[in-house]
Every structure is written in structure tokens, then in C-alpha cells.
Amino acid sequence: GDSVTQMEGPVTLSEEAFLTINCTYTATGYPSLFWYVQYPGEGLQLLLKATKADDKGSNKGFEATYRKETTSFHLEKGSVQVSDSAVYFCALTNSGGYQKVTFGTGTKLQVIP
Amino acid sequence: GAGVSQSPRYKVAKRGQDVALRCDPISGHVSLFWYQQALGQGPEFLTYFQNEAQLDKSGLPSDRFFAERPEGSVSTLKIQRTQQEDSAVYLCASSLKGLDFANTGELFFGEGSRLTVL
Numbered sequence: 001g002d003s004v005t006q007m008e009g010p011v012t013l014s015e016e017a018f019l020t021i022n023c024t025y026t027a028t029g030y031p032s033l034f035w036y037v038q039y040p041g042e043g044l045q046l047l048l049k050a051t052k053a054d055d056k057g058s059n060k061g062f063e064a065t066y067r068k069e070t071t072s073f074h075l076e077k078g079s080v081q082v083s084d085s086a087v088y089f090c091a092l093t094n095s096g097g098y099q100k101v102t103f104g105t106g107t108k109l110q111v112i113p
Numbered sequence: 114g115a116g117v118s119q120s121p122r123y124k125v126a127k128r129g130q131d132v133a134l135r136c137d138p139i140s141g142h143v144s145l146f147w148y149q150q151a152l153g154q155g156p157e158f159l160t161y162f163q164n165e166a167q168l169d170k171s172g173l174p175s176d177r178f179f180a181e182r183p184e185g186s187v188s189t190l191k192i193q194r195t196q197q198e199d200s201a202v203y204l205c206a207s208s209l210k211g212l213d214f215a216n217t218g219e220l221f222f223g224e225g226s227r228l229t230v231l
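Chains as they are written, first to last, in my numbering: chain A, 1 to 113; chain B, 114 to 231.
The shape of chain A in the complex, shown without the other chains:
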């Protein structure tokens, strides 16, 4: 079945450091890929998405590129802020049909001043 593997955390970075959170996936067909973020005390919310190969999703300074050849969707940000501290989930939807989302286990990011 479909699955998502992302790097384990926690990841601790100093403010303004470069961030990469690795994500790889296994899926049949042509899935759409997502990054969701969960800030402390809040619900999951969509951060960015990409729906086909070579698409780049971006939002709030975060970027991720859909790489079909490596089945990856790594999340990057050039300069993190304390307010980026959260848990980040890589996810995918199966192609066709309704939007059943398969999530990775999440990566906790802590940014220190």
C-alpha cells in the first residue's frame, strides 16, 4: 500500500539556519504530495502541496519539489525562525477517487534564538 517515510526528529536548529526535512514515498499511480504542519496547541494545517512530477510547492518561505525519479518530496527553508517550531508531516493522496491522505510519522522542529 501507499506509505510515507520521513526523517526522525527532533530537529533542533538555531534561528536563521537552513532547514531540510527528508521525505520519501511509496505509492501506486500518480499521487499528490503534501506537507502539513502542526503548531503547538493547534490542528494540522496544509503548508504546501505539489500535484505532479517536477512541481514545486511553496508557502511561508518553505519549498518542496516533487521528484518522481527519487520518489522524494523534501521540505526546505533557507532561514528558519522561532515561530517555525512545530511538527511537520509529509503526506500523499492516492491517485483518483476521494482524498484519503496517508501521513508520515512527523518530524518535530525546534528553533532556538
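The reader is advised that the hints may include incorrect statements.
As the list claims (entries may be wrong) - Label pairs and their in silico Cβ distance ranges:
1) B:198 - A:29: 29 to 35 angstroms
2) B:128 - A:82: 40 to 46 angstroms
3) A:29 - B:122: 36 to 42 angstroms
4) B:127 - A:14: 43 to 49 angstroms
5) A:82 - B:129: 40 to 46 angstroms
6) A:1 - B:198: 18 to 24 angstroms
7) A:78 - B:175: 43 to 49 angstroms
8) B:209 - A:83: 40 to 46 angstroms
9) A:54 - B:198: 27 to 33 angstroms
10) B:184 - A:82: 39 to 45 angstroms
11) A:40 - B:115: 19 to 25 angstroms
12) B:170 - A:17: 27 to 33 angstroms
13) B:187 - A:55: 31 to 37 angstroms
14) A:83 - B:175: 37 to 43 angstroms
Keep in mind that the hints were calculated from the coordinates and are not lab data.
Glycine included, each C-beta is placed from N, C-alpha and C at the ideal position.
Chain A is already provided as a structure; the job is to place chain B on it using the hints.
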């Protein structure tokens, strides 16, 4: 409010008790999902509704779990004879579109109901 609302936010149950968790999706949203999130894990799919129809319940872990959405809006997840392994956060999410949309839509999540079974 305009978002997905879940209640109760926290529930403590003794083993063997029945619990009911409520989800109020965003008004007009066709699709509704329930997920279970164990501590330190990602959300795991439980069940999916399109309006009042439960189209997929393949993720429900046992016949003690039951979900309904009788009028196509509010949904209830019921767990009978709770066990300690049922302890988790139960997430509800809704989406505007239904079955025949392209898989590019966004899910809107509630804050979850944290269930602790003693």
C-alpha cells in the same frame, strides 16, 4: 466559528466504558474523515464520509468502533468497551469536494479529541 470543531477536547474513560466523540465540519463541506493519532505517530486513517454515506471504513481497528454522519454534517465517532490501546488523539477533517474531484484539494483539520483510557 469557521473551522472544524471537535468535542470534547479531552476525555478520560475507564476501560470498558463507551465514548462518543463529536465533529462539526466546516459548513458545506462534503467530505469528512476521521483519523487516529497515537503519541509520536502520524495520523492513521479510520473512515470517510461523503455527505451522509460512509464510503470507506477500512481503517476502523475493530467492530468496537462505529462512526455516523446521519444528516451529512455533524459526525460522531463512537468507541464501545474502550481498551487502553484506544488511547490516542482522534482527528476529524473535512473537505469541500466529494468523490469525483481531482486529488488536489485541502483537508481542514480540527484540533482533535484526546482520549485516555485508564
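A quick look at each hint next to the structure:
no. : hint                             : result
1   : B:198 - A:29: 29 to 35 angstroms : holds (33 angstroms)
2   : B:128 - A:82: 40 to 46 angstroms : holds (41 angstroms)
3   : A:29 - B:122: 36 to 42 angstroms : holds (37 angstroms)
4   : B:127 - A:14: 43 to 49 angstroms : holds (46 angstroms)
5   : A:82 - B:129: 40 to 46 angstroms : holds (45 angstroms)
6   : A:1 - B:198: 18 to 24 angstroms  : holds (22 angstroms)
7   : A:78 - B:175: 43 to 49 angstroms : holds (46 angstroms)
8   : B:209 - A:83: 40 to 46 angstroms : violated (28 angstroms)
9   : A:54 - B:198: 27 to 33 angstroms : violated (42 angstroms)
10  : B:184 - A:82: 39 to 45 angstroms : holds (44 angstroms)
11  : A:40 - B:115: 19 to 25 angstroms : holds (21 angstroms)
12  : B:170 - A:17: 27 to 33 angstroms : violated (44 angstroms)
13  : B:187 - A:55: 31 to 37 angstroms : holds (36 angstroms)
14  : A:83 - B:175: 37 to 43 angstroms : holds (41 angstroms)
The structure is inconsistent with the numbered hints 8, 9, 12, although it conforms to all the rest.
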